[in-house]
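Starting from the known structure of chain A, fit chain B onto it as the hints suggest.
If you read the sequences in order, they're chains A and B.
As numbered in the UniProt record's numbering, residues 1 to 272 make up the first sequence, in order.
As numbered in the UniProt record's numbering, residues 1 to 272 make up the second sequence, in order.
Warning: the hint list may mix true and false statements.
Put simply, identical chains are the same to the list, so a pair is met inside one copy or across any two.
As the list claims (entries may be wrong) - Capping the alpha-carbon separation at 25 Å, the derived lysine to any residue pairs in SDA-like fashion look like this:
1) Lys-251 - Glu-113
2) Lys-104 - Ile-166
3) Lys-104 - Gly-123
4) Lys-98 - Pro-168
Calculated directly from the structure, the hints in this document are not laboratory data.
Next come the chains, spelled out residue by residue.
Number of protein chains: 2
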Amino acid sequence: MQVLKTIEELQEVRKNLTSSVGFVPTMGALHNGHISLIKQARNENDVLIVSIFVNPTQFLPGEDLDAYPRKDEADKKICQMCKVDYVFMPEISTMYTKEEVLVKAPNKSYILEGKTRPGHFDGVLQVVLKLFNLTQPTNAYFGKKDAQQLTLIQQMVRNFFLPINIVPCDIVREEDGLALSSRNIYLNPTQRQDALLISKSLYMAGSVISKGERSVKVVKDKIYEVMQTLDIEYVAIVDREFNEIEIIEPKNTIILVVARFGNTRLLDNIWL
Amino acid sequence: MQVLKTIEELQEVRKNLTSSVGFVPTMGALHNGHISLIKQARNENDVLIVSIFVNPTQFLPGEDLDAYPRKDEADKKICQMCKVDYVFMPEISTMYTKEEVLVKAPNKSYILEGKTRPGHFDGVLQVVLKLFNLTQPTNAYFGKKDAQQLTLIQQMVRNFFLPINIVPCDIVREEDGLALSSRNIYLNPTQRQDALLISKSLYMAGSVISKGERSVKVVKDKIYEVMQTLDIEYVAIVDREFNEIEIIEPKNTIILVVARFGNTRLLDNIWL
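The shape of chain A in the complex, shown without the other chains:
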């Protein structure tokens, strides 16, 4: 495994790769969710590049960029164990200059996860575009957990005609159904137990829909009912383009929930 720090190193490496290249962009602090993406990418490509870069432009003023966990040495060991070929770990000054040409996400980036973080997705798309152009992957891997991010990246790839296959990866869960998150460790035992209601409500919704229910209102009410003891931030039912819908179209619907447990904010979703 080779660790690359500069644009020149990465471009030199990329220039000499002729077979399929898999790419997994991360902000480091790798957990089992990342590892699952990396393993899938390892299986499906000849060469595997992972980037570890805490991207400043997706943090808003006031959000604590410096507090974001850095675990460079542990991350490198994980990548080595997963047989990653190249880890790209640039400095901020390597990735950005002072005043830049920017990427502007469409209006749907200002709802749900973007509602409280205006401009967040602009920064995500900007860094992903830069990383795509550097790594020129055949396949790039993103978790369905960050559903809105994934659909915006898919849209960018379509709009900009990037010759890249985006591979959406299923949410990894604990055995009892809780979606894996680095934030789960902040839950106390009671919260950990209560948090099961999130995935339970989504499974219930999936089951009700598979039995024929098509009304978004009815399904939402049932989700709220299951999670009624929780501090729910939102429940949203959207199509794959993240347009809010009223009638559920199976195979084109995503159900998303966010609930708070003290200061801990947990996301989950299912793709029908």
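For chain B alone, kept in the frame of chain A given last:
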């Protein structure tokens, strides 16, 4: 020569090209300025792609997109004569969907040519990025005449890490010095004669600077003096990043002038 209309046709062609690819993006209505770019690109690359696409997103509301000259058949003949391999002529609906991920040019896109056309350069960069991703050129050719456009495209290539060599091409001039422009035909004989003062003022500025003058103010005053009988829109002296400067640094300076002759607006510049 093959005329390509769809994304799929172009991507299929591009996939099978392994040698150097030259690319000249145009809005059609090809004149000698374009032909000079095309000939240079033909000389320097194994394969040559020219795009002809009147890009709606670089026209502002109120600017007459429909009035922009279309000369598809004549353009195709010119391309054939210049031994172009592929002409890409997409429809608007091929290039754009309803709500898109956008490109946002930096603040320097709002001065000079951008001052009266806010957002114009966003549209230019958006279409150029799309075309770059589709054609994946080794070398892409742009005229120095549109100096601000050229520097913004160079910046986009740097910021987005596009593996493309941008080739700035010298301004083509009539024998008497007038910069070639499709607008020159609108000049009456007196205006045509007066218009010579534009290039004359730039040559004079170049000569004064080569003799050691470094003050932007002094050089600007001399340019205004030479052009005093003209309706001058602006005279600007900037560095290659389009920052306005006070002291001239030879090899890092561009002098730009715009003058009006009735409804006809003529641009010219020199790169020191």
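Cross-check of the supplied hints:
no. : hint              : verdict
1   : Lys-251 - Glu-113 : within (22 Å within a copy, 48 Å between copies)
2   : Lys-104 - Ile-166 : both (20 Å within a copy, 24 Å between copies)
3   : Lys-104 - Gly-123 : both (8 Å within a copy, 12 Å between copies)
4   : Lys-98 - Pro-168  : between (33 Å within a copy, 24 Å between copies)
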